[in-house]
Each structure stands twice: as C-alpha cells, then as structure tokens.
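Construct all of the structure, not just a fragment, from the sequences and the given hints.
Chains A and B are the protein sequences, given in the same order.
Under the numbering used here, the first residue of the first sequence carries the number 1, and numbering increases by one thereafter.
Under the numbering used here, the first residue of the second sequence carries the number 1, and numbering increases by one thereafter.
Here are the simulated BS3-like cross-link-like pairs (lysine-lysine), alpha carbons at most 30 angstroms apart as the crow flies:
1. Lys188/B <-> Lys92/A
2. Lys188/B <-> Lys99/A
3. Lys188/B <-> Lys93/A
4. Lys231/A <-> Lys260/A
5. Lys94/A <-> Lys186/B
Derived list of chain B stretches under chain A, where covered just means 3 residues or more per stretch with a C-beta under 8 angstroms from a C-beta of chain A:
6. 197–210
7. 213–224
By construction, these hints were calculated from the structure, which means they are not laboratory data.
Note that the structure is a prediction, hence the values are computed from the model and not measured.
Every residue, glycine too, gets a C-beta built ideally from N, C-alpha and C.
Single-letter residue listing:
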Amino acid sequence: MALLNELAKKKEGLVEGHRLCPGCTHSVIMRQVLAAADTDKYDIVVAAATGCFEVSSGLYPYTSWNIPWIHNAFENAASTISGIEAMYRLWKKKGRTDKDIRFIAIASDGGTYDIGLQALSGAIERGHQFLYICNDNNAYQNTGNQRSSATPFGASTTTSPNGTVLQGKSQPKKDIMSVLEGHHMQYLAQASPSNWRDLMDKAKTALDVNGPTYMNVIEPCTTGWGFPSNKSIEIAQLAVDTCIWPLYEIIEGKVKINYKPKNKLPVEEFLKPQKRFAHLFKKGNEHLIKEYQGQVDKHWEWLLAREASGIGY
Amino acid sequence: MGKKVALTGNEAAAHAIRQINPDVVAAFPITPSTPIPQGVAQFIADGQMDTEFVTVESEHSAMSACVGASAAGGRVMTATSANGYALMWEILYIASGTRLPIVMAVAARALSAPLNIHGDHSDIMGGRDTGWIQLIAENSQETYDNLIQAVKIAENKKVMTPALGAFDGFNISHAIEIWEMEDDAKVKEFVGEYEPLYPLLKTDEPITHGAWAPPNWYFENRMNQLEGLLNAKDVVADVGKEFGKAFGREYGLYEAYKMDDAEFTIVAAGSVCGTTKDVVDKLRENGVKAGLLKIRLFRPFPYKELADVLSGTKAIAVLDRVSPAGAQGGPLFTEIRSALYDVNNRPPVINYTYGLGGRDTQPVHINSVYDTLKKIVDTGRVEKQFDCLNLRGTWG
Ligand SMILES: Cc1ncc(C[n+]2csc(CCOP(=O)(O)OP(=O)(O)O)c2C)c(N)n1
Ligand code: SF4
Ligand SMILES: [Mg+2]
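Written as structure tokens, this is what we have:
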C-alpha cells in the first residue's frame, strides 16, 4: 500500500461540493476505495443506485464525480454495471479501447439487501467483472430512515418505530454475506471506514479479481442513527469492537477474519451513543439488549468456527 | 438485391438484429417474442454476429443493462412483450430521459389479468407516453424494415431517443410470410457506424449520466427531450425515403390505402390492416369508396398529416386493439378525434375495440364496420360511438 502522503497527492475521483450530511461516511468510504484503486494501471467507471449518496453527489447541473459515473434507478446498479461491462468487453474485442477499465457498482442496504437483490444476484451469476459495494447504513436513509432487512434487531426506524406496544424492529438483520456467498464468487469482504487500511486492502484485492466481487461496508449515518456528526468513525469502530460488524473476507469460500478484538466489547457500547436504540435502555427492555447480544455472539462464534474449519469451495 | 425468404415475424426481427449486429443485446424471454433472443443467441453461437449478449435475469434488468451499455457508448438492442415490457416500465422512461437511442423489438401482446399470451396492443399503448419513438408494422416485411430504420432514426443526433418497432404477437410474430431479406453488407452500410455522444468508457473525458434534476431544471430537461422526440417525425420520413432508395421499399409516416377519394375510412395499426386492405379491395370492386389509413408512426403522433388525409372522407372508424380503460375511446381514437378537431366539416368518428388477447378479426367484422360507416353517412346519425368487434353478445 502507498504511503499516506502519496495517497494524499492522488487525484481524487470524488470531489468536494456534494451535499451529504456533515459527518456522513458515504463519501469517506468512496474516497478510501478510490484511493486504494491502482489508477496508474486502470480507470474506474461507477454505477450508483438511487439513495443518499447518489442524490447528494449528482445534482444537475453539478456533479462531484471526476470519473465516469451513471445513476440509473434504485434497484438496478448491478444490471446497469452489467451493461457497461458488456460494452467494455465489446470495445476491447473490437479494439475500440486499449484502456484497462474496472467497474464499481455502489448502493446502500436498500438497493442491495432488498430491492436490488435480484439484479445483484443475476449480475454475479453471469460473471461480470465488477466490484459491488454496499454502504450499509442499516435503513432507507434517503427517504427518511425506514427499516430495511439490514436494520438491526431493536432499532427504531420510521417504519419500525418504538411505541407503547412495539419496541423497534422485531426481526434480526439479514446476513447478506451468506446470501451472496452462495453464488460462489471468488471474493467477498466486510469492512469498516474506521479500519481504513483494511478497507483499502480489500478494495484493491477486489478490483483485481477477474469476476464479480462484493464488499459490505458499515456506513454510520449521523442523521438516521442519531449520533453527533463528529462521531461517525468512532461509531464504526464500536461496531467492529463489539463484533456487531466483524471484519472478514470470504476467499474462495474460506472465511478469514481480519480483526479479532482482544477485548470484545458488549453491544451496549455500540447501542448507547445512538438515539435509534435509546428505548432499549428503558427499564423493562433489558431482555431486548440481551437478545441482541445473543444474536451478535451467535454470529461471531459461527464465523470463528467457519474460519477454524478452513473449509472453502 | 435481397432474397425472398419464408420466415416468421420473429425471425424477421432476429435477422434484422443479426444484420445490424449491435454491440450489446440484453434480453429476457417472454412469449411471443422469445424466438428473438433465442435467434440472437444462435447467431452468436454460430459466429454470425459478434454482439455481447447479456442474458439478464429479468426484463427490468434487460432495460437497465441496455441503459448502462448505451451510456457506456455503443449500439444496443433488446426485445420483449407484454409483462416483460411492463416490468421495464420504470426504465423505459429512464432510457428516453437519458437520451439513449436503444432500439427494441416488441411482439405486442395482451397484459394480464387474465393471463393471455396472445396478440394485442395493451403493452405498447400503455407505454405510449414513455418518450419512445413507436413504429408499428403490418407484417413481417415491415417488422424487418422498421427495425433497420429505427436504428437510424433513434441515433440521429437531432433525435437521440429510443425507438421500438412493434409487430402483433402471433399474427405476425409466429406467422410465416414471404418477405425480402436484404444483403448483410447493404444493411450494414445503411445503418452505418454509431458515434456515441458522451460515452462512459471514454474515461479521459469523465461524464456524469443520470444526475437528478430539481424543480429548477427538470422541466427544461423534459422539454429538451420532447424536442428530440418531435424531431423524429421528419427523420422518420427522411429515413423512410432513404430506405426506399436503398432497398426499393419506401416508407412514410403512415400509409394511405385507396384514400384519394375514400368516403368510408378505417384507421388502424398492425396486422389488421392486411385484412382491411382485402376488404377495401372487395368493396371497391362493388363501387364502395372504402379506404384505410394505416398508422405507422404512433409516437411522435403525426396529427397534422393524418388530419390532412382524413379531412376529405365522410365517416371514420378507428380500430383500437386495446381496451379504452375508462377513456372516451381507445388511444388511437382519442388521438385521431383530437387531430380532426381543427378540420373544417370534420367527419363523424367512431371507435371499435377489436382483437383483444388474440381474438380473431376476420373480413366479416371489417365489412360490418364499413356497413356501419355507410349507414352513418346515409342517415347522418351515429348510433354508437363505441363498439366491439367479434365480442360475445353486444356491447353497451
Ligand atoms: C422503485 C423505487 N422505489 C422506491 C424509491 C424511493 N427511494 C429512493 S432512495 C430510497 C431508499 C434508499 O435506501 P438505501 O438503498 O439504503 O440508500 P441510502 O439512502 O440509505 O444510502 C427509496 C425507498 C425509488 N426511488 N424507486
Ligand atoms: S441521512 Fe445518513 S446516509 Fe444520508 S447523507 Fe445523511 S448521514 Fe449520510
Ligand atoms: Mg441505506
């Protein structure tokens, strides 16, 4: 990996002027990914799904993108990139370009876990060469923090609100990594902008795979989650240290955990600073935190066992 | 010179696509257009075209991939019908709004429910306001010819608008007809090379496609888009003439069949026009001044030109192959009636729905329409403004 001072000099693909909330990590993640890309070797084309990042970075007649970028719709970032990548293969075949171009589709959890899942599955199965990045902010943030299948258990959102009878989302989060792993793709990784070197290594690795790759990245959302806008990276770090958001790769089906906290923090440490979980700390709701801790532990144990098994495809 | 072949309408579409040899095709099977992607796949497997074929997992993804591929910078085609077209809906608007000259073959079919795989115009008429150019064919020859012309029309720099070439499901898609297939090389020469305007793949000149437009820009965008669509009218006429020069079959915006002195006129689109022409010929033999105005270009709708043709006639029946769905009549009827509003001494106009879900329309039914028109002229009275052809029982 390049030294920090070299990275700082690199031409940016995503530049200032976007309208993300202050403290939003969508741009932080993208800049880390683009900094990791070996742009001396190849160029990048991006297809974005509708969502916070898209509306904030491509507002006619302005753009924050210094690299080719397209937004099509909410559920079709993967099929859009399929078409672009197919055209690239054609251009290559016919000698219309001598460039090496790599493709990135970018969406959040709504465009990935939910409405875009079919298109993503199809694109992976067809074997297009692209890196799909899901910036998981745990809800449909662009439309005002509605629950998604990526919303964690217990979180209060505008469609799974805390009330007198119900206490936030009653279902656990979908394990999208396992869902996508079933496509037997070569490389999947989960990352966090708090661990930027790890994230950048993963992006670089993924971009060099000759086929579809996937990155699931935690994207703390100051507005929807309810924490001060200068705490985004700390919140991401807490998700990692509580093992709510384990950093791991699945390489040819083999799990490799990239970070095992020496001192695994209780989930409360992650929940406490966020308004969306405030109700869990009310008297009488202790069992909900306990249940959530159970879910997190179970998944972490399972991941450790998977790694220990050494089993791949 | 082309050669005469006896093939189906779907094969005509597939061969047109083979000869156009687009850079990317992304398609998903649905009856009755399935043989088109199948044909394309076979042509590729046999080395007869070198298109990148994206075998998407849905029509939504088909049109999405077409948008991506077209914005990437190349010639893109697809094919679909009915539910597949409906599933593309959202992206049809995005294709036209992004000014991507994608060309699509549509074997027009009924929409569910009830599920029905047969021909009518529910799909394309439902999508008439998606901002696409719409050409409708009468037979296999026109299916083939229209698709080749559509490429040139859509890609014209004054147009830059996606175009569909529709042909009736089963009546055309599955019927074997004799038609003329032109030389591969001549078709290639006719369509020429596509020069994309702002390709994503030109990474040295990074471009943003699909930025959202707030109230202070959306309106201008839409009106620019409309300008492109409206420009297509003259381009359709020019390309139709050019096609005539190249291949001997000239096309206009519409076909006026025995309209010069016609008193009783049917306005229709699609395969029913073949049946109608036969009926017109028979009636003419008996001294009845029957005529047919066949719609070829439905979007943009050439209302002035059509009104001119219709202004001399005494009574008009418009045939719609779709339910009026609560409007005063079918979409073709309301367009035609509106076009005639500015004509002096405008003739009475009535409307029929026919052929829904593949219901047969035979000469006897077309004859009954001309009978009714005669009666209207004789009595000066319209008894029924809307009726159905070949429906069980009576309507209304
Ligand atoms: C087909 C469709 N349905 C609904 C919407 C409305 N919509 C736009 S963005 C969005 C949520 C986006 O959520 P996500 O993908 O998680 O992105 P985020 O804004 O959270 O980054 C929704 C529901 C839409 N644009 N298209
Ligand atoms: S709502 Fe959340 S995800 Fe959206 S821009 Fe603001 S901080 Fe970012
Ligand atoms: Mg989200």
